[in-house]
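Protein chains in written order, with the numbering used here: chain A, 38 to 448; chain B, 38 to 119.
Mixed in with the good hints there might be a few duds.
[To be verified] List time: in silico PhoX-like cross-link candidates among lysine-lysine, alpha-carbon distance up to 25 Å: (1) B:K102 with A:K434; (2) A:K380 with B:K102; (3) A:K173 with A:K162; (4) A:K175 with A:K229; (5) B:K101 with A:K359; (6) A:K359 with B:K99; (7) A:K380 with B:K101; (8) B:K95 with A:K359; (9) A:K114 with A:K275; (10) B:K102 with A:K359; (11) A:K380 with B:K99; (12) A:K128 with A:K162; (13) A:K128 with A:K111; (14) A:K55 with B:K95; (15) B:K95 with A:K380; (16) A:K103 with A:K275; (17) A:K380 with A:K347.
Because the hints were derived from the structure by calculation, they are not lab data.
Each chain, letter by letter, is given below.
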Amino acid sequence: MFDIKNIREDFPALFELKDGRPIIYCDSACMSLKPKPVIQALTDYYTKFTACAGRSPHMFSRETTKRYEAAREKTAKFINAKNSSEVVWTKNTTEALNLGSMILKLDGTETIIATSESHNSNIVKWMFLENAGKIKLKVLDAGETGICSLDTFSAAIDECQPGKFLVSLAQVSNVTAGMIDVPAIAKIIHEKEGIFQLDAAQSFPHLSVDVQKLDVDLMAVSMHKACGPSGIGFLWGKYHILERLHPMILGGETVSDVKIPNTIKMLPPPAKFEAGLQNYGGVIAAGAAIDYLDSIGMDNVHQHEVRLSKVMLEGLEEFGDKISYLGPTRAEDRAALAAIDLKGINPHEVAILLDDMYNIFLRSGYHCTHAFHHSLDLDQGTLRPSWYLYNTEEEVKVFIEALGEIIDTLS
Amino acid sequence: MAKGIEKTKQLILLLLHDMGPSSTEELIAEAETLGIAECRDRVPGAIADLNGERMLTKQLSKEKKAIVWDLSDKVDRSKLDF
Numbered sequence: 038m039f040d041i042k043n044i045r046e047d048f049p050a051l052f053e054l055k056d057g058r059p060i061i062y063c064d065s066a067c068m069s070l071k072p073k074p075v076i077q078a079l080t081d082y083y084t085k086f087t088a089c090a091g092r093s094p095h096m097f098s099r100e101t102t103k104r105y106e107a108a109r110e111k112t113a114k115f116i117n118a119k120n121s122s123e124v125v126w127t128k129n130t131t132e133a134l135n136l137g138s139m140i141l142k143l144d145g146t147e148t149i150i151a152t153s154e155s156h157n158s159n160i161v162k163w164m165f166l167e168n169a170g171k172i173k174l175k176v177l178d179a180g181e182t183g184i185c186s187l188d189t190f191s192a193a194i195d196e197c198q199p200g201k202f203l204v205s206l207a208q209v210s211n212v213t214a215g216m217i218d219v220p221a222i223a224k225i226i227h228e229k230e231g232i233f234q235l236d237a238a239q240s241f242p243h244l245s246v247d248v249q250k251l252d253v254d255l256m257a258v259s260m261h262k263a264c265g266p267s268g269i270g271f272l273w274g275k276y277h278i279l280e281r282l283h284p285m286i287l288g289g290e291t292v293s294d295v296k297i298p299n300t301i302k303m304l305p306p307p308a309k310f311e312a313g314l315q316n317y318g319g320v321i322a323a324g325a326a327i328d329y330l331d332s333i334g335m336d337n338v339h340q341h342e343v344r345l346s347k348v349m350l351e352g353l354e355e356f357g358d359k360i361s362y363l364g365p366t367r368a369e370d371r372a373a374l375a376a377i378d379l380k381g382i383n384p385h386e387v388a389i390l391l392d393d394m395y396n397i398f399l400r401s402g403y404h405c406t407h408a409f410h411h412s413l414d415l416d417q418g419t420l421r422p423s424w425y426l427y428n429t430e431e432e433v434k435v436f437i438e439a440l441g442e443i444i445d446t447l448s
Numbered sequence: 038m039a040k041g042i043e044k045t046k047q048l049i050l051l052l053l054h055d056m057g058p059s060s061t062e063e064l065i066a067e068a069e070t071l072g073i074a075e076c077r078d079r080v081p082g083a084i085a086d087l088n089g090e091r092m093l094t095k096q097l098s099k100e101k102k103a104i105v106w107d108l109s110d111k112v113d114r115s116k117l118d119f
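Just need the whole structure built from these sequences, with the hints factored in.
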């Protein structure tokens, strides 16, 4: 059973006061709040058994190793990976996507397909490589919905050389909130022997993500949006793809032996990608975050967010032509966030006023999708409330009311 | 020398000194013209910080459909670290 009151009790930050009054946190697409078990797991690592994993024979090190690898096992099970060796710890989604790009030969013959709504983490690298003559880049116009049709993907893929292309897409957009049909796109890509890299930064925290059902080849995740600590994420990959993937950083723990002259024996995945001292506390706390989400159930999380979305969209519709929002209009077709165009009112000012006068915390601007905002002539950016499992319908209504008051004041 | 958000805050003070009362968008636009070394989305955080430190005053302007910011007190331009 989804008990919102109990869930909220798990998140201490929800009960922080600003100027003696409660706050409403709706910036979870940027950073989720942390439940007590995650904070406890992090504290335990730093207070009870701080050590490196897998290096020393003492008790602290053995405990760290055990919990570090247990977190990998939990993560693999949570996403229905075939094997925990398919999970590689990274700093975040951005690093995971960059690591995924190491599958490329970079000889100028390969094509990367992305869409116009891509987050900077999933487009800047491709632009950089194209500028260096290393790849050919196709950016498909996602329009205001942020979603390209299957025909658009088919046509773009048809123009690629078989086995010489990579498609890198977000499952859920951080601005349009739209969701793509991942298995259908995967089928088109694999028919032509391409590689499908999924940016799951905005889907993993909110939906049940099953990598075998999705049939992608690589998937990038940030744990800080999924109740986990900041600075930890992971790249999941089909094992045979990870075997072909070149490491991005090399050093200790990536090799089984080194000899002079120039002889290195690389370890298999995931070790070959996890060079040097790792964020052990972060990984262990990420495992706690996965336990936490698993205990609630991702279907329950999603259903709760659909309810929040409905309240938000109904509220936004009441504004008529004073505002508009990007993406699908049905709550069931989108994530619980909205990038709102305030039609001439600067979104940053509204965000400042929401913080200053109403204790409502959200994000404004481009949300790291500069190219998409420019393509839609939204050069001032948008206002983005983003809700999560700990938010209530009442909070959404308070946001809508506050937004209305600010718009009335400024127009 | 100030760096990051502290540098941006110094820039905001300098801009308000030179431009007089300005909206957030006007400050962002001018900051971009001067080549701020951050994403433009960082500028509002700097303004909110200065507001929290009572370095700024704000007025809501229906004409500009915006908050108009101004300096709370006179600022010595030569002492700004930008």
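For each hint, the structure was consulted:
no. : hint               : result
1   : B:K102 with A:K434 : holds, 24 Å
2   : A:K380 with B:K102 : holds, 10 Å
3   : A:K173 with A:K162 : holds, 12 Å
4   : A:K175 with A:K229 : holds, 16 Å
5   : B:K101 with A:K359 : holds, 16 Å
6   : A:K359 with B:K99  : holds, 15 Å
7   : A:K380 with B:K101 : holds, 13 Å
8   : B:K95 with A:K359  : holds, 24 Å
9   : A:K114 with A:K275 : holds, 14 Å
10  : B:K102 with A:K359 : holds, 13 Å
11  : A:K380 with B:K99  : holds, 14 Å
12  : A:K128 with A:K162 : holds, 16 Å
13  : A:K128 with A:K111 : holds, 18 Å
14  : A:K55 with B:K95   : holds, 19 Å
15  : B:K95 with A:K380  : holds, 22 Å
16  : A:K103 with A:K275 : holds, 24 Å
17  : A:K380 with A:K347 : holds, 22 Å
In summary, the structure agrees with every hint in the numbered list given earlier.
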